[in-house]
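Novice: Each chain, written out:
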Amino acid sequence: MSLAEFFAMGGNAFYVWSAYGLAALLIAGEIVAVRSRLRNARQAVREAGGST
Amino acid sequence: MTSINWFRYASPVSFFPAAGSLARVFGVAAAVFAAIGLWLGLGVAPTDAQQGEAYRIIFIHVPAAWMSMFIYAVMAGWAAVSLAMNARLSAMMAQALAPTGALFTAIALVTGSLWGRPAWGTYWAWDARMTSELILLFLYLGYMALRQAIDDPRRADRASAVLALVGVVNLPIIYFSVTWWNTLHQGASVSLTAAPRMAAIMLTAMLVMAFAAWFYAIAVTLTRLRAIILEREKRASWIGELVGAE
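Going down the list, the protein sequences come from chains A and B.
Under this note's numbering, the first residue of the first sequence carries the number 81, and numbering increases by one thereafter.
Under this note's numbering, the first residue of the second sequence carries the number 4, and numbering increases by one thereafter.
Simulated from the structure, these hints should not be mistaken for lab results.
Just so you know, even glycine gets a beta-carbon here, dropped at the ideal spot from N, CA and C.
Errors might be hidden in some of the hints.
As the list claims (entries may be wrong) - Covered stretches of chain A (in silico footprint by chain B; criterion: 3 or more residues with CB under 8 Å from a CB of chain B, positions within the stretch not fixed):
id : region
1  : 85-98
2  : 104-110
3  : 113-121
Stated by the list, open to error - Just a few of them, taken from the derived set where beta-carbon distance is under 7 Å, the chain A residues facing chain B:
id : residue
4  : Ala-124
5  : Val-125
6  : Ala-128
Pulled out of the complex, with its shape left as it was, chain B reads as follows (with noise of 0.2 Å):
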């Protein structure tokens, strides 16, 4: 059995040509998901009984909003170990996953806004979820702007985190909101301790779609960081080769 030294892939001139080859295929199984999931949602689930076809914003709705948390979580995660560990590839991690982040943010927003005027006749309410999840998109404009304000890499690299981590507690706000406050975002459709409030195709399509958006995530969070790798080596003799390479 050959064994991987894993930590090779810890520095950023072994990891650049793999995340490479990763982004091509993650960005692949994404078109396939999204291409099935679609398909479920649009042409083969029913018509909701109570919402008639509104609710057909679902299987963009709840993935996006789904990968907003979790791609904070990840993005945290990074951050803390670049602080913990003085890690410059996990720092660019975390910088590379901030602007997909906030897309997801502001996708769940817009179609949440644009399925909250038939459902429930408003666009915007100042409802704990629909705050919460707004103040999750400020805080990934936030550390973006933070990382812009600082020149010196290293620098930014700290101050980011230290945000990152702050705005963790943001998270459990998040998802606990529907229970904690009555508003009026209705409850999760989906959880891991009850069984799923909605019929099963409506469920195999949202998640098809929920497993599209993780691939695209990672697909396009690669890809990026291949390119900041670049801007941030790009005095380092190893980088030249690297390009010249592909």
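Looking at chain A on its own, in the form it has when it is part of the complex (with noise of 0.2 Å):
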């Protein structure tokens, strides 16, 4: 098999690489998202320490 016919899948690229890309996306953003809560409530933390 091509590396063409492997991304064309057989026709169906629109919705397989959808699939998978819409996914993929949606994964990065939760991994991102929840990254930067922990970095904040960190940085919260640290705010509220230093002024008991």
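Two chains, each in its own frame: build the complex with the hints.
Specialist: Written out as structure tokens, the structure is:
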């Protein structure tokens, strides 16, 4: 199987790659969101610790 | 033989560092399993005789759909523990699971829709399985919205736990929908009681992807749990030391 055939997915490229792409996008978004949430929470604790 | 006092980990202060190391381990495991699963599913598994290449959506669709239901069951379980034992960490666990459950439900719906078009000729139908899965998404979103709406975290714990438990009735409806109603969605490809109705390599790829999804869910949920612990306990004296220690 050639690389072009692989990407063509037997004529269903749009459906297959949209499915994989959207899933990857959603998962990447969650990873970024959860990491920044933890970072912000750490920051808030440091600030709260400084004021008490 | 040394014995571990597991109840020690029922308190946020001792659980916080452990959750960090566990999240790293499961994150790496998820990446390794996803790489193997994608290679098997996209590279090794043969073309399906009936569906051509479009069937390859199954390798994300089915694991995501499994996780959407499994995470809800686990979330409701922690909600029940938090109600019964008034346990703070259990409530935080349920809270941490909801967004990831909603994410997998959304992935199951989107990939199912993209698979439905080439396989059935439609992106969406009000089929029993699809409708009950959509209701699952609304249950997750409702649970998160209810938490958001209540300022006092302990009251939010109780109210959202009740909602999570009521929503459990939807799980058997999703699971058995394909046998109870003869609508569009096909029956189970894999079940505990019958031989799988798919080639061994396809089944292997799907199971490897399911493990990847499971490990990912553990890693991301534990990370979110750590953030929730910090957000909710930020005025406690021990928490400053924890953050400083890392």
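Novice: Which of the listed hints are broken here?
Specialist: none
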